[in-house]
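Taking the hints into account, I'd like the entire structure generated from these sequences.
These protein sequence lines are chains A and B, in that order. By numbering that gives the first Met the number 0, the letter at position 85 of the first sequence is numbered 84, and the numbering carries on one by one without gaps. By numbering that gives the first Met the number 0, the letter at position 178 of the second sequence is numbered 177, and the numbering carries on one by one without gaps.
Don't take every hint at face value.
Simulated restraints on C-beta separations [claimed, not checked]:
hint: 1; chain 1: B; residue 1: D315; chain 2: A; residue 2: V49; range: 55 to 65 Å
hint: 2; chain 1: A; residue 1: I79; chain 2: B; residue 2: N57; range: 54 to 64 Å
hint: 3; chain 1: A; residue 1: G74; chain 2: B; residue 2: E250; range: 26 to 36 Å
hint: 4; chain 1: B; residue 1: E439; chain 2: A; residue 2: N257; range: 39 to 49 Å
hint: 5; chain 1: B; residue 1: D301; chain 2: A; residue 2: Q158; range: 28 to 38 Å
hint: 6; chain 1: B; residue 1: D315; chain 2: A; residue 2: P85; range: 57 to 67 Å
hint: 7; chain 1: B; residue 1: G85; chain 2: A; residue 2: Q247; range: 23 to 33 Å
Just so you know, the hints here were simulated from the structure itself, not pulled from any lab data. Using N, Cα and C, we set each Cβ at its ideal position, and we do this for glycine too.
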Amino acid sequence: MVTATATAPAARAVRGAKEHRRPWSARERRQLRLGLLFISPWLVGVLVFVLYPLVYSLVISLTRYSGMQTPVWVGLGNYITAFADPLTGISVRNTLFYAGLAVPIGLVVALVLAMAMNRNVREVAVYRTALYVPSLVPAFAMSFIFIVFVNPQFGLFNQVLSIFGGENVNLLGEPTTAKIVIVLMAQLGAGNAALIYLAGLRNIPVTLYEAARVDGASAWRQFRSITLPLLSPVILFNLITGISGALQIFTEAYVLTNGAGGPDNGTLFYMLYLYKNAFSYAQLGYASALAVLLFVVGIALAGLVYWLSRRFVHYDVSAG
Amino acid sequence: MIDRRTFLALTGAAGAGALITGCANRSGSGPNEVRLWGMGGVEAEAQQQIVDAFTAENPSVTVSQSLVPSTGTGDATAAITAVRGGTAPDLWLMDRFAVAQYASLGLLEPLDPLIAQHENDDFLDQWMPFALNELRYDGQIYGLPFDTDSRGVFYNRTTLADSGLDPDELDPSNGPVTLDRVLEMNGQIAQEDDRGNYTRLGLIPWDAEGWALTWMFGKGAVFFDDATCAVDVSSDEVVGVLDSFYTWAREMDYPRVDAFKATYQPPNAPPAQTSFFGGQQGMQISGPFTINSIATYVPDLDYGFTYLPLWNEGDDPYTWSGGFSLVAPRGSSLSPAVWEFIKFYCGAPGQRIAMTPLKKIPTHLDVLADPEGFDQNLSFFADQLEFSTSRPPLPIGSLFWDSLVQAQQSVLIGSADAQTAAERAQARVTPQMDLYCPFELPPGFGTTGA
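Here it is, written out as structure tokens:
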């Protein structure tokens, strides 16, 4: 009774704000508990493996911390250093160069693959598997395959070059071409994005194409006026995940260059530089600051793309 | 039949239990257990012999081995994770160059208390002083040395003879050759195909152990000054070597040399696939570890080795030495069993067992002096210890190393001249070194004389 009296004014205030809300029944509370229990693996996962590291990283980014000793508070020092550090600048340029090429090329390649997977032929399942299989090869293994692929004498690229009599070229030995090799390598993972496109393509009503054909629309016109607009939400999704993935490019450069980011820092991508700072130079505070900056830039870019998407994304297909 | 409520409760409890168990720190080894992160690959067998001999003498002790390679360039991922996760081993075989850095981070346990507790004052006199100095940080010792090495030029006698050169000219009994002579020989060895690709080369100055740092030692570069607590990677000697690298890379046409290396020895190629073993490269700067690889992968190779090329006629010979050591990561039990094992492994018994099969040079003075102590084919490299030196054990070792390697790459590719590359390296190391000042290198550092 005492409790009820004490909470009465608060309860009245709530009732005033939301008159229609009645207290939860025992059954509803039980269902809530069960519901929470069912999603608890996800909740625990997000809290322990996402939220906690995120907050921890944010705090550590304001300190000088080797990973073992007591962190020393440096305020925004690491962020100021990041903007003045020439290697951060180089790694940002490398990453943007990569993203600028890999993301648009990836969108087109995945779309082409998806359209190939969507052909109305009997063996389509075989094609779909064949086109998707390269995406299952881990980036680590793919890097080794590419080392052979670009071998100056025995690799496919130089074999083609030799037809024209040119000298053998070590594509991994020059900063720009090394980055381009990694861009090309990324395209072998386009199968994942292609599957998402495929789902989008299957969702477009066939009647629209039939009507267009009756109206005499060419294949290109059908693609431009039906496929592309109705696929635009999927393109947006692949664009955002593509940008996010490109900003975090790491494994390929790590394997190809033994973790050095060479030649001449040509493949020193942002994540690789972050990793080196954290684990080779034991500057976990500075590395955390770099991680926070990447997070902010990633969110900002996703927001920008989302905002721009209002001009080109059509959500009509679900209504159709 | 189990009802839904019981099922959920049991699942929840099991999940929570797993989480708690997973998060709990693993307690250290028992008093009779030694957990070792050690050698792998072709070297694992020699380590097993040490372990077998130790357990024969100490049957109550169990030694469990895992392969966790230590990188000389100081990637501490494995160690930081293990120490923080409470799963660090009792002992770790580690490149000595990284020890000062790991010690400065607090990743390693100093061994001084164990030495004071179990040993006499002259205990450390058993090992070469230079190797011990690589293990000192802030006045304490963080490991015991195992093997060492030195650098020289390996030459393929067949390739030299095929090029019209007399391989005996490079015999070490003739003394060191000059750089000018090596470059001259290079001209005679080099071959190209009709498209202009190199198919054979002599000595690629920057290849393998031909780090800019190796050549800088030849010019007498000093990288650290105790008085000013300053790392110097822009001295005249450093810039001079980088300038030579710049010139050589232009003269040899760096992209073509790079294509040659990537052809015959692509990145991450298996250890048996090298342009030197394949006979495409007549000379290569390397160390005694190459003798082991040759014995394993190309036992029929007709080869020899000699001193590093002198910058000028009449200069003193030079080289530098590194090697491995056993260290105790934080969290090691440091039990008497662990102490007995580290003494056995790095002491005379372990080095006597392993140096011959591993084709390494001992750091234990008794074993080094004993003709049976190690493969006498390595005696040339062991004799070089009289005048060798070692890299400075700095708390910013990996940054120091990366900065020099970066400067080297810039001048080779031609994206910077020697002065600019050295200044960039200096700008990277100075602010980081300042964080550790005042700091002094161990007394007597840099002198390897046995």
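Hint by hint, here is what the structure shows:
Checked against the hint of 55 to 65 Å, the pair D315 of chain B and V49 of chain A passes, with Cβ atoms roughly 60 Å apart. The hint said 54 to 64 Å for the Cβ distance between I79 of chain A and N57 of chain B, and at roughly 55 Å that hint holds. Between G74 of chain A and E250 of chain B the beta carbons are some 51 Å apart, a value that contradicts the proposed interval 26 to 36 Å. Checking the proposed 39 to 49 Å range against E439 of chain B and N257 of chain A shows it is violated: the Cβ atoms sit about 33 Å from each other.
Between D301 of chain B and Q158 of chain A, the C-beta spacing of about 33 Å keeps the proposed range 28 to 38 Å intact. For D315 of chain B and P85 of chain A, the hinted distance range of 57 to 67 Å is not satisfied, since their beta carbons lie about 38 Å from each other. Between G85 of chain B and Q247 of chain A the C-beta distance comes to about 29 Å, which sits within the given range of 23 to 33 Å.
Hints 3, 4 and 6 from the list above are not met by this structure, while the remaining hints are.
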